[in-house]
Structures are given as C-alpha cells and as structure tokens.
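S.K.: Numbering (our numbering), first residue to last: 1 to 179.
Heads up, simulated DSS-like pairs for lysine-lysine below, C-alpha to C-alpha not over 27 Å straight-line:
1. 152 x 129
2. 129 x 80
3. 80 x 137
4. 152 x 80
5. 152 x 137
Cβ pair distances, simulated, as ranges:
6. 101 x 57: 23 to 31 Å
7. 132 x 176: 20 to 28 Å
8. 17 x 153: 38 to 46 Å
9. 138 x 109: 23 to 31 Å
10. 125 x 57: 39 to 47 Å
11. 178 x 106: 26 to 34 Å
12. 101 x 6: 55 to 63 Å
13. 11 x 56: 56 to 64 Å
14. 133 x 98: 21 to 29 Å
15. 175 x 88: 17 to 25 Å
16. 58 x 152: 23 to 31 Å
17. 109 x 152: 23 to 31 Å
18. 96 x 16: 49 to 57 Å
The set of hints was computed from the structure by calculation and includes no laboratory data.
Quantities reported herein were computed from a predicted structural model and do not represent experimental measurements.
Glycine included, C-beta positions come from ideal geometry on N, C-alpha and C.
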Amino acid sequence: MKRMNAMRGRLLTLAGLALAIGLLTMGCSQGSYPLDIFYEMHYQPTYKAHEPPRLSVPASAVPWYGSTPPQPTSFAGSGKHIFEANCVMCHGAEGLGDGPVLARMLVDYNYQTLDLPIQNPNLTSEAAKSLDRDGLKGVITGGVTVMPSFSKLLTDDQIELVLDYVEGCIQDGNQAACQ
1 MKRMNAMRGR
11 LLTLAGLALA
21 IGLLTMGCSQ
31 GSYPLDIFYE
41 MHYQPTYKAH
51 EPPRLSVPAS
61 AVPWYGSTPP
71 QPTSFAGSGK
81 HIFEANCVMC
91 HGAEGLGDGP
101 VLARMLVDYN
111 YQTLDLPIQN
121 PNLTSEAAKS
131 LDRDGLKGVI
141 TGGVTVMPSF
151 SKLLTDDQIE
161 LVLDYVEGCI
171 QDGNQAACQ
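Taking the hints into account, I'd like the entire structure generated from these sequences.
M.R.: Listed below in structure tokens is the structure:
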C-alpha cells in the first residue's frame with residue numbers, strides 16, 4: 001500500500017511539473033508579429049466597456065446588405081487618404097521610412113530593414129524608385145519582413161490609388177498627385 005501511495009505521489013509530481021513547464025513555455029512564446037498591433041484597428045470606433053462610445057458613427061452612415069459594398073465618397077477614395085490611414089505609421093508622411101511604429105520596431109526589437117534594397121522603407125530611395133508598378137504592388141500585397149500583406153485589407157482599386165499616390169506624389173513630387 002505504501003508503495004502504491006509513493007508511486008501515485010511521484011506520478012502526480014511529474015504531471016504537475018510537466019503542466020508547469022508547458023504553461024511556462026506557452027507564456028514565454030511570442031505571437032506572429034513582434035508588436036501586437038492589428039492594422040485594422042483604426043477602422044473601429046473607440047469605446048470603453050459600460051460607457052457610451054467616444055466616437056459615434058457618422059450621421060451619414062447607412063447600413064448596407066448584399067455582396068457589393070458601397071463605393072467610397074470624397075477623400076476616402078483618394079490614394080493620399082488610404083496611404084495616411086495604412087502606411088504613414090511606418091513609412092512616414094513623406095515616405096522617408098521614418099514613421100513612429102517602424103522607429104520603435106528598429107529600436108526596441110532590433111529589426112534591420114536597410115540590409116536589402118526591397119526592405120528599405122524609404123519610398124524615395126533609388127531602390128524603391130527602381131521597382132516598376134508590379135514590383136511595388138507585389139510588396140503591398142505580399143508584405144516584406146515586418147511589413148504585413150495588405151491584400152486582404154485593401155481592394156485592388158485601393159491598392160492602385162496608393163500606387164498612384166506613391167509614384168506620383170512621393171517619388172516624382174508631382175503636386176497634382178498629392179491631392
């Protein structure tokens with residue numbers, strides 16, 4: 001009987017130790033991105049639980065049902081607006097690769113983005129200018145290193161608007177394309 005109790009005690013100790021090691025391993029693991037930011041978050045209204053929303057839905061918003069979403073109106077359909085909403089956090093307002101999120105990733109997480117030409121976040125660099133339209137579109141839809149893929153976030157038309165803005169305003173300095 002004593003032998004059974006001793007064996008049961010060892011088995012429980014080993015099971016507890018295995019559980020503790022498993023939980024410790026899961027707790028120390030890192031997610032798929034070095035920073036847990038979700039790039040869709042800026043499309044959601046901000047609120048705190050049990051409080052009224054701080055940002056209410058615009059009065060002109062209309063719910064829609066069906067397979068085709070309504071077309072964007074005014075500035076929401078411009079390449080500049082889409083670039084500001086999705087790209088400025090890393091590429092910066094001028095496209096120089098000096099955005100606040102990228103700066104934090106470089107400093108806090110030691111990411112090196114300047115090693116390869118396609119990884120340079122400076123959209124005005126010669127390497128970025130040497131990419132043709134399909135090359136830039138491939139980077140946007142496929143992502144590179146710490147840059148996520150935007151293929152599920154942006155439609156093809158929105159990607160084309162961003163490409164027009166990047167090529168015309170940021171890379172060529174065409175003021176008409178900057179509007």
